[in-house]
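Colleague: Could you slot chain C onto chain G? The hints should help.
Keeping their order, the protein sequence lines are chains G and C.
Every letter in the first sequence is one number past the one before it in this note's numbering, and letter 154, counting from 1, is 154.
Every letter in the second sequence is one number past the one before it in this note's numbering, and letter 93, counting from 1, is 93.
FYI, nobody ran anything at the bench for these hints, they're computed from the structure.
Ideal placement from N, C-alpha and C gives every residue a C-beta, glycine not left out.
Treat the hints with care, as some may be off.
[Claimed, not checked] Quick list of simulated restraints, FRET-style, between CB atoms:
{"#": "1", "chain 1": "G", "residue 1": "Ala-56", "chain 2": "C", "residue 2": "Ala-100", "range": "32 to 40 Å"}
{"#": "2", "chain 1": "C", "residue 1": "Pro-3", "chain 2": "G", "residue 2": "Ala-96", "range": "32 to 40 Å"}
{"#": "3", "chain 1": "C", "residue 1": "Asp-99", "chain 2": "G", "residue 2": "Ile-157", "range": "25 to 33 Å"}
Residue strings, one per chain:
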Amino acid sequence: MTIGSIHFLLCAVACTAGALITVFSRNPIRGALGLLLTIVGIAGMYLKLHAQFLAAIQLIVYAGAVVVLFVFVLMLLGQDATDQNTSRRSSVARIAGGTGLVAVFMIAAIRAIHVYSPASHGRFPSLREDFGSVSSVGAQLFSDALVPFELSTALLIVAVIGAIAVARSGRSKRPIGRARVSSAHEYFAGPIRPRDAGHPISKEPTL
Amino acid sequence: MTPLSYYVQDYVLLASLLFSIGGVGFLVRRNVLIQLMCVEIMLNATNLLLVAFNRLYPASMIGQVFAFFVIAVAAAEAAVGLAIVLGFFRLRKSVHSDDADILRH
Chain G
1 MTIGSIHFLL
11 CAVACTAGAL
21 ITVFSRNPIR
31 GALGLLLTIV
41 GIAGMYLKLH
51 AQFLAAIQLI
61 VYAGAVVVLF
71 VFVLMLLGQD
81 ATDQNTSRRS
91 SVARIAGGTG
101 LVAVFMIAAI
111 RAIHVYSPAS
121 HGRFPSLRED
131 FGSVSSVGAQ
141 LFSDALVPFE
151 LSTALLIVAV
161 IGAIAVARSG
171 RSKRPIGRAR
181 VSSAHEYFAG
191 PIRPRDAGHP
201 ISKEPTL
Chain C
1 MTPLSYYVQD
11 YVLLASLLFS
21 IGGVGFLVRR
31 NVLIQLMCVE
41 IMLNATNLLL
51 VAFNRLYPAS
61 MIGQVFAFFV
71 IAVAAAEAAV
81 GLAIVLGFFR
91 LRKSVHSDDA
101 DILRH
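So here's chain G without its partners, still in its complex pose (with noise of 0.2 Å):
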């Protein structure tokens, strides 16, 4: 047992734990924090792997984003986000065809290994010194991967922009089927309201 393969079984055990929360939890904060205790498992799993900078990213961006938008969701939501009457014989089916299902993939998994890799291949081999580091790979994601990179901002605002539209509260809604908009005169001028009473609208539109 060296410290790799503690380092490398801690994490394990700490990714596939949180997991197992996350699925069975029923009440999802509990379930937002089994995500946390997965993510962190896989950062260690990174540093394991020589990927310093990405194990950083990975909990700035996962722990501390993602996971914290979870957790604002559900504070939002209160208690409408807990399962509520779910029957415990529909969960026990449930667990076991879930069991069942995990079981299979494994399995395919391992014949896989064992039939496209055998023991011998896949050994990692030795590094050269700042593979993973942050210059690195930052010249790498600047040199190679510019245009993706220029469009992954793209996406970063799009997905902003359409969180906005898409969570505004409903309140200003507008009445559907009939234009709003009734003549160019009003469309210049705003729509009469009662405070306009008494002052005509001047004949030419003010813009």
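Modeller: Then chain C, alone, in the frame of chain G:
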């Protein structure tokens, strides 16, 4: 017993375990928020595979760069998905994905 974590097979096994747990959770659970969390678990499992295979073939670091992009896309997906969950909750007062049946005729 060979020490763990020096072969890519260990990481492949762990990633497939995580991916299957996330996928089964997505299929089994009916809470939309839990389903989104399961999607995040699946994305994390694929990211782990990308980084592990980049460790196996370390000529370039394009796998890590790709994992970076996957993280960016996952962040965008979480933001938009949670906004959709909020809109759905405002519409139906529920986070149960079986209630999202308005488009059914």
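Colleague: Of all the hints given earlier, name the ones this structure violates by number, lowest first.
Modeller: Checked against the structure, no hint fails, so every one of them is satisfied.
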